Amino acid sequence: MTRDIFWFTLSNIFFQGSKFLTYLYVAKLLGPKTYGLWNGLILILSYGMNSHLGVLNAMNRDVPYYLGAENTEKIQEIQNVSLGAICVSSLVLAVIVFIASYLTDSDTETITGLRFISLILISQQFYLFYQMLLKSHHLFGFMSIQQTIFSVLTLLVVLPLTYYFRFDGFLAGQLIVNLAILGYILRKIPIKAKPAFEWKTAWTLSKTGFPIMLAGVAYGIMTTVDRMAILKYLGKEQMGYYSLSVMAAGMLLLLPMTVAQIIYPRMSRKFGETRQAESLKPLIYRPTIHLMWIMAIMLIGVYVLLPPLIGYFLPEYIKGIASLKIMIVGVYFLSLVGGFANFLNTVGLQNIYLSIQFIAIIIVVLLCGLSLKLNLGIEGIAWATSLTYIIYAFLLIASTLYFPKRILPKP
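Count along the sequence shown starting at 1, add 892, and that's the number in this note's numbering.
If you're looking for bench data, these hints aren't it; they were derived computationally from the structure.
Quick caveat: nothing in here was measured; it's all calculated off a predicted structure.
Any given hint could be a false lead.
Said to hold, decoys possible - Straight-line Cα separation of at most 27 Å, DSSO-like style, residue types lysine-lysine; simulated pairs:
1. Lys1086 / Lys1099
2. Lys1128 / Lys1217
3. Lys1027 / Lys911
Generate coordinates for the entire structure from the input sequences, incorporating the hints supplied.
Okay, here's the thing in structure tokens:
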């Protein structure tokens, strides 16, 4: 496990690092207003990832389970039906976004962005399918290779296109990179899946995965209410300043997300073998303890070093430094809960997880609303979000420790 985490984390750091550097350069080229628009459009990609209605979430949980049970026939069925579902859902969503671009009365940049997003959505959906498939089979070595290639292509393709063609080039570059990496995966992946349109099986998978997906959607809402509030009430330029906080949070959550991605299929497989919730505890506590001190060191470093770097390299974004510092506080607590969330999903306690998510959403909406009413600007939005992350972490950890002992059915 340690070797998997090391190489996958290393490739993830390179992958996210290349994106971070690319986005910093793009932010400088496009300016706060256009870059703020991108941070609004990216919400479509974030929520569009769930257009499969939980089918991929079920695959990600059930394939490791059936690997533990050594049921290869069921594994192949799940993979094929999941790919079929992606073919349909991605096309439907892309058509909806493309049509919406003709119905909106927004500016030219927004319309162009929507049309590119409709195409990027399709490539994103298939990329997501293959990432889930690789994780389910514990093929993190292959993922490390393709993520490294993705990183290199991002730097070599997206940066030059953005430099010469600005916003259009930035969007086109991402589409080109997505298609190129999909081509590589299809040629090299050791697992074969063919689209199967068996709607009864797809419905069964959706029923299994929908609660897990809802938790992901709820998490997405919880972590994007701040951006939606800023875009609607403060404008694209303020969103551009706030994007520093978004980028910093994404980079800081890289390590905990990587660990959670590796642990989740192992946790599911272990539960498939033992049907004992107690057997999963080491997979929760050990990574969390390590993350506690690693993340503390990283966050202190970012808090101290990043503001002067922004002042030097991105002086036009200096108004976003205060909100970045505030956001870091909440990110620390958010970084520690991945194992607890995975546990609830694995043992079938998604309803508890969902309840916590909805409580957190209510809290962040109320706090963001209060911040706007008091005219606290993006700093107030950052405080609202950071406090929500702290409350969310406390509720999730407490619930994981309390509920399974009392309501988990015996195997």
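Here's how the hints hold up against the structure:
no., hint, result
1, Lys1086 / Lys1099, "22 Å, holds"
2, Lys1128 / Lys1217, "21 Å, holds"
3, Lys1027 / Lys911, "21 Å, holds"
The earlier numbered hints are all upheld by this structure, with none contradicted.
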